[in-house]
Amino acid sequence: MKAPAQASDISKEWIQYILSDNERAGDSGTTVTVDSFEIGEGCKVGECFIGSILKLHINASISKHYISISPATKKYDLIIKLKGEDPRTDFLFEKAQVYPKEVIMYSNILVEFDYFQKNRANNQYSIYSPKFIYGKCTNDEFVLVMENIKEKGFCLFKREDMFNFEHLKLAVTQLVRLHAVSYSYNQSNSFLERHAEFQKTDSDKYFLGVGSPALFDVLYEILKKEKDKDLAQKIKLNKENLVKQYKEMYNDNNYKLLCLVHGDAHALNMMFKYTDDDENCENPKDIKLLDWQFSHWNTPVSDLQYLIYSSTSREFRKEHLEDILKFYHSTFVEATNNMGVETLEWSYEDFKNDFNRMALYGLIKGINLSFQHHCPELVQQTVIDIQKAINQSNFTKPLKAPLVKLSKNDVLSSSMDSIVNSNMGHSCLLYIKQIINRENENLASRVLGLIYEAEENGLFD
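Sequential numbering from 1 applies to the sequence shown in the UniProt record's numbering.
Hints listed in this document are in silico derivations from the structure and should not be mistaken for laboratory results. Backbone N, C-alpha and C define an ideal beta-carbon position, used for all residues, glycine too. Take the hints with a grain of salt, since some may be wrong.
To be verified - When the alpha-carbon atoms are kept at most 25 Å apart in a straight line, the in silico DSS-like pairs for lysine-lysine are as follows: (1) K12 with K229; (2) K12 with K136; (3) K288 with K273; (4) K55 with K2; (5) K169 with K318; (6) K288 with K55; (7) K318 with K55.
To be verified - Label pairs and their in silico Cβ distance ranges: (8) E193 with R357: 35 to 45 Å; (9) D230 with N139: 50 to 60 Å; (10) H57 with D140: 23 to 33 Å; (11) K131 with F327: 43 to 53 Å.
Working from the sequences, and respecting the hints, build out all of it.
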């Protein structure tokens with residue numbers, strides 16, 4: 001049955017189709033009849049995902065073909081992901097196979113990994129994510145349906161807050177399970193031979209590098225206004241080399257260990273659950289990982305750098321970074337050993353060397369996420385301005401005809417880079433103003449902490 005492209009396409013017949021399909025996975029004699037349903041907005045386009053997210057509440061009746069009793073009633077609370085409406089906007093996502101990868105992660109890979117770790121390690125390393133209900137991804141259609149875990153008490157972390165030790169340790173526990181299970185699985189199952197779409201692509205590399213030149217310009221302007229002219233000048237003089245290092249970092253497969261990584265491991269792609277008496281939400285008891293569309297085969301320290309430097313403060317890292325890294329490595333070693341990896345040539349020193357090699361990645365992701373978490377309205381305006389510039393440029397004139405698409409070479413061209421960086425640079429003046437004038441103290445503290453920690457660690461040399 002054809003997947004809906006927008007909320008108005010969601011019909012009773014389609015809902016019955018996907019729910020019956022899901023229920024029959026456990027009992028082939030089951031039929032779902034929808035009595036009523038209600039659609040709500042989960043979030044607006046661009047807030048957390050390139051497409052739109054909808055909430056769906058359903059009242060249904062469940063029948064068993066082989067039992068002569070009245071149908072049972074059941075309620076479903078679901079989340080539906082759809083593509084965006086502008087084909088220009090999500091073209092890069094299609095080239096990077098973002099849509100099929102997320103469907104495959106939920107419907108296949110997480111299931112394979114769960115089966116593997118249950119058999120190898122007695123279910124010690126479950127990877128927690130919302131329950132998959134239905135997914136479809138073709139050249140023309142995309143839909144992903146999951147349980148709405150908010151109805152089960154899970155909530156998003158406040159975007160302006162920083163992780164405490166309990167939140168970070170719980171998040172790291174899930175990432176190390178993903179990394180250890182995928183690495184162990186690969187030893188006997190050759191993951192990329194089975195799932196070649198998770199190899200790094202030119203489009204993935206483009207996503208990594210886009211906007212980085214503008215970001216170093218922002219750092220220069222911030223430091224100049226902060227009257228730290230020496231560091232500002234150092235960044236300006238080293239900008240080209242820093243951008244080059246950042247892009248080459250992704251191309252380099254010469255790390256001691258590779259596995260499947262989440263690829264977008266920040267606080268807003270996780271949901272936490274707390275006890276009723278934890279009014280300040282300080283001690284999470286459960287977690288779910290969300291948004292697997294950027295998953296790929298890479299060094300696991302990329303996830304760690306992203307998570308740690310986008311969700312913790314400079315003061316926290318001074319006190320706890322070494323403890324968290326030791327916890328990650330010891331858990332990885334223990335987990336892979338329990339899943340049958342007899343010899344793991346990845347000492348703590350090897351791990352730390354890999355982690356430090358990705359430091360520039362952590363810095364840039366941390367600053368970008370600081371803007372996103374503290375100035376979401378400015379980020380949205382940046383996205384709108386970039387899209388407007390792209391749509392009005394000669395670059396996308398071929399797309400004026402609805403059946404014409406740009407080639408990958410067109411999309412990954414220097415013309416696209418120029419448009420994106422120019423508009424990001426203009427929009428970033430607003431971030432600079434908020435930091436310099438201390439209009440947003442949290443943002444200033446977060447960004448300046450990242451810059452000066454990077455300088456202490458020699459990243460700008």
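Status of each hint after checking the structure:
At most 25 Å may separate the alpha-carbon atoms for a hinted pair to count; K12 and K229 exceed this at roughly 63 Å. Straight-line distance between C-alpha atoms of K12 and K136 comes to about 18 Å, which keeps the hinted pair within the 25 Å bound. For the given pair, K288 sits about 9 Å from K273 by alpha-carbon distance, which is consistent with the 25 Å threshold. Between the alpha carbons of K55 and K2 the distance comes to roughly 19 Å, so the proposed pair stays at or under 25 Å and holds.
Of the pairs offered as hints, the one joining K169 and K318 holds, with about 16 Å between alpha carbons and a cut-off of 25 Å not exceeded. Distance check on the hinted pair: K288 and K55 sit about 18 Å apart at the alpha-carbon level, within 25 Å; holds. The straight-line distance between the Cα atoms of K318 and K55 is roughly 41 Å, outside the 25 Å bound, and the hint therefore fails. Checked against the hint of 35 to 45 Å, the C-beta distance between E193 and R357 comes to roughly 27 Å, which is inconsistent with it.
Between D230 and N139, the C-beta spacing of about 53 Å keeps the proposed range 50 to 60 Å intact. Separated by about 28 Å at the C-beta atoms, H57 and D140 satisfy the suggested range of 23 to 33 Å. Distance hint check: the CB atoms of K131 and F327 are about 28 Å apart, inconsistent with the given range 43 to 53 Å.
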